[in-house]
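Student: Letter by letter, the chains look like this.
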Amino acid sequence: MINVKTLFPLFFSLIVLPVIAGVKDDPVLAKMMVNQLEIRDIGDDNITVWDAQLWAGQDLQKLWLKSEGEYTNGATEESELQVLYSQAVAPYWDVQFGWRGDLKPSPDRHWLALGVQGLTPYYFEIDTALFVGNHGRVAARIEAEYELLFTQQLILSPELEMNFFSKDDVETETGSGLSDLEAGLRLRYEIRREIAPYIGVNWSRKVGKTADFARDEGNSVDITEILIGIRAWF
Amino acid sequence: MNTCRQPVLSRRRFVTGLSSATALSILGSTPLLLGSKRYSDAPPVMQGKLFDLNIAYQEMNFTGSPSIATTISGALPAPILRWKEGERVTLRVHNNLDQTTSIHWHGIILPTDMDGVPGLSFGGIPPGESFEYQFDLLQSGTYWYHSHSGFQEQTGMYGAIIIDPIEPEPFSYDRDYVVLLSDWSDESPSNIYNKLKKLSHYYNFRERTLADFFEEADEHGVANAWNNRRMWNQMRMSDRDISDVTGYTYTFLMNGQAPADGWIGLFDRGQKVRLRFINAAAMTFFDVRIPGLRMTVIAADGQNIQPISIDEFRIGVAETYDVIVEPESDTAYTIFAQSIDRTGYARGTLTPHPNLKADIPALDPAPILTHADMGMGGQGAHEGHDMSGSGMPTFKMKGSEMPGAGMMGTGQAGFGSSTPVKHSTTEFGPHVDMRADNPNYRLDDPGVGLRNHLQRYDRTVLTYADLQNLYKTQDTREPQREIQLHLTGNMSRYMWSINGTKFADAEPLHLSYGERVRITLVNDTMMNHPIHLHGMWSELETGDDHYIARKHTVIVQPGAKISYLVTADAIGRWAYHCHLLYHMPGMFREVIVS
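Chains as they are written, first to last, in this note's numbering: chain A, 1 to 234; chain B, 1 to 594.
Calculated from the structure, these hints are not laboratory results. Each hint should be verified, as a subset may be incorrect.
Stated by the list, open to error - Only pairs whose alpha carbons sit at most 27 Å apart, straight line, appear in this in silico DSS-like list of lysine-lysine: (1) A/K24 / B/K197; (2) A/K209 / A/K167; (3) B/K472 / B/K422; (4) A/K104 / A/K167; (5) A/K104 / A/K24; (6) B/K198 / A/K24; (7) B/K272 / B/K84; (8) B/K197 / B/K272; (9) A/K104 / A/K209; (10) B/K472 / A/K31; (11) B/K84 / B/K472; (12) B/K197 / A/K31.
Since this is a predicted model, take the numbers as computed values, not measurements.
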C-alpha cells in the first residue's frame, strides 16, 4: 500500500522549485482548491463536508491530490483520498492515473484509478474515472459540473455525481450497479476570485442494493439537505 | 539646473549641454513627485553622448498604497534619452538590483552584442556589476528602451529615446512631448503570471452572463441567439477575451501619471504640438484619441511615414506613433488612451494653462470578438450584437492583380504572400487550442473595438493599410523566400508558442546574411500579438512596393495573417518575440543571421 505521508515531502519540494527557476515559460506551480467546505443539515447534525484538491506541476504534467469526506460529531465519517499523475492529452483534457483510498468508514478499500478530467463543448466540467480494486472489484464514477453566471461574481453551479460498482461489498454496504446519485446546486458569490461563500442544496439517493443495505440499517436512502459553505483557492 | 525636469522638449527651447552626470546628481537628490499635481512631472531628460544609468529598487505609489518598482536612474518612466543621429553613444548601466538585469534599445539598429538580450546578445548584467553599451546612431525618430530580463519591464524599467535627425525634418512643430503609456500593478509580475496559469480568466470580469443571452434572445430570437453562441460554446472560447491582464489590477499611466491627475502638456494657441506616443505597457494595447483635435500621424515606430490625418489610433505594446496636433483655440484637450478591453484608461491634458482641464470622455463599449477574429474570415458575417460593429471590412490589396503572384510560391514584394496557409504537425496537441482555418490579410481592419467608428462616432481610425513610408523602399529586391510562422497557444492553460513549439524547445531560425526574406505571420489565437524582430526592420507589406513602411513591432490581429519583408543585414543572434510580457517566455524565437 502507498504510504501517503511520503508523498507530501515530494509535493512540497516541487512547490519550492519556481523560486530557483526564475522566469521560465513553464514554472512548477501548485494550486490548492477547496471546492467545497460546507455544513449540511444545519442545526441538527451539523455535518461538515469537504471536497479539496491540490495540484503541483507544470502546464502539461501535474501531480494531483483529491480529498473528500464527511465529518460529524467529532469524527470523520467518510474520507477518500486520491493521488494521481495527470498528463494533458488534448487542449481541454487530462488523463489521470494513480491510487484511490477509501479510508473511512472502515474497512478501508484501495483502488487503482484511471480517469479523465476536462471540459466538454458547452463548458461542462467532467471528472470521471474507473477504479480497480481487490478481488476483481471495479468501480466507476462520473462527476459533471456547470457554471451559470448571473453576474461576474454571482455564479450558480449545478453538479451531478454517480457511482457504480461491479460487485456487492457487504462490509462497505455498497451494491453492484448504480449505487448512488448525488445532485447539488450551489450559488456562490466570489468576493474575489479566490474566495466565494455559497449557499445551496444537496440531494443524494442510494439506489438498488446499496439502498437495501441502508434500509436494513435503518438509514434513509433519500436525503435532501440545505447547506452553507465556502469555496477558496490559492 | 531645472532643465532636467523641464516638461517641454522643444528643440528650440531645450538647453543643451546638460551632462548626464549632472542629470544624475539632480535625480539622486530630488525625490520624484509622482502622483503630485505638478505639471512639471514629465520624465526627466538626459542628453549627450555619455550616460550613466542606475538600475535600482524604488518605492512608488500609483494606487494609494506604496509598492516597490525597479527604476532606471530613479525615474518611472526612465529618463528620456535624447540622442543625435550620426553620433556614437556610450551608456554605462549599473545594476543595483539583487538579480540580473539588462537594457534593450527597442527599435535601434545596432551590433548584436549591444542589443541587450540576456542569453543572446550577452550574459546580462549581474547584481552589483555594470555593462557598457556603445553604438553608432544610424537612424532618427522616437524609440524606447526597457529591461529584457525577467518581468522587470512590468515594474517600471522603460523610458523614451528621441534621436534627432541630421537632416531637417520634413515637418515643423513648436512643442515636442513624449507621451509614454504604460500599465502598473501593485501585484508582483510573477504573481500575475502564476495566477494566469492557475485561472486564465482571472482578470477578466467581462465574461458573458445569463442576462447577455436573454438580451440576445430578445433581440434575435432564442434560436438565433443559441446559434450565434454555438461556435464559441463548441470551441470552449470566450468572445470577451480581449486582454489577459486588465484594469482589475492595472493602473494605466501616461508619462508615469495615474489617470486621476494625468500628465499635462502645455501649448500656446496656434502652436503645432508633436506628440511622441510610445506604448511601454507590459500587456496593454491602447486606443488613443484627443477629442476635439485631429491628429496627423507623421511617423510609425520612429520612421517617417506619408502624413495621414486621423482621429483615433490603436497602439500595440512596443509600438510608437508620432503625431502632430494644432489646437486652434485657448481650450484644454484630453489625451485619452483607453485600454483595448475598456477596463480603464491613461489620461493626459494638452492645455494652454496648467489649471485648465478638459472633460474626460466615457469609455467606449467593451469589444466583443467576432467569428472573423477567429480566422473564419470567409463566413465573417455573424456579428451577433457585437458592440464593436457589424460587417467585417474585407481587405483588398491595392493593385490586387498581385503581379508575380505564384512566383516561387510567394507574392510580389510589397503585396503580401500568396503562399497557402499550412498548419505544421507541431501545432496539434494539448498545447494548442485553435487554428485559424481561413486567416485573411486584414490590413484595413482597425481591429476589434474600433470597427465602424467613422459611421458610429465620426472618428477616422488609423489602420496598417494607411502606413506608407515617406521615403522610397531601399531594398527593392523580391523576397528570395518566405517563412510562415504561426502564433499559437492554449489560452486556458496559458501556454504560448510559435508553430506550437515554445522557445525552450525551439530551434533558432536561420537567415542568410544579405538575403531578402518575407515573413508571414498567421495568428492562430484569439488575441492580438505585437511581434518584435530585433536588429532588423520589419517592412510591412501594405500593397505598395515603392514606399514600404518600416516597423520594429507588428500587430497580428486574432485570426488574421500579415506579411513583412526583412533584409537580413545584421549578422548575429537576435530575439524575435511577442511583446506581451507574459506571452514572451513561450512565444519567442532566436533568429541567427550568418
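Student: Would you mind marking each hint as holding or not holding in the structure?
Tutor: Cross-check of the supplied hints:
no. : hint            : result
1   : A/K24 / B/K197  : holds (12 Å)
2   : A/K209 / A/K167 : holds (10 Å)
3   : B/K472 / B/K422 : violated (33 Å)
4   : A/K104 / A/K167 : holds (19 Å)
5   : A/K104 / A/K24  : violated (41 Å)
6   : B/K198 / A/K24  : holds (15 Å)
7   : B/K272 / B/K84  : holds (22 Å)
8   : B/K197 / B/K272 : violated (47 Å)
9   : A/K104 / A/K209 : holds (20 Å)
10  : B/K472 / A/K31  : violated (55 Å)
11  : B/K84 / B/K472  : holds (23 Å)
12  : B/K197 / A/K31  : holds (10 Å)
The earlier numbered hints that this structure contradicts are 3, 5, 8 and 10.
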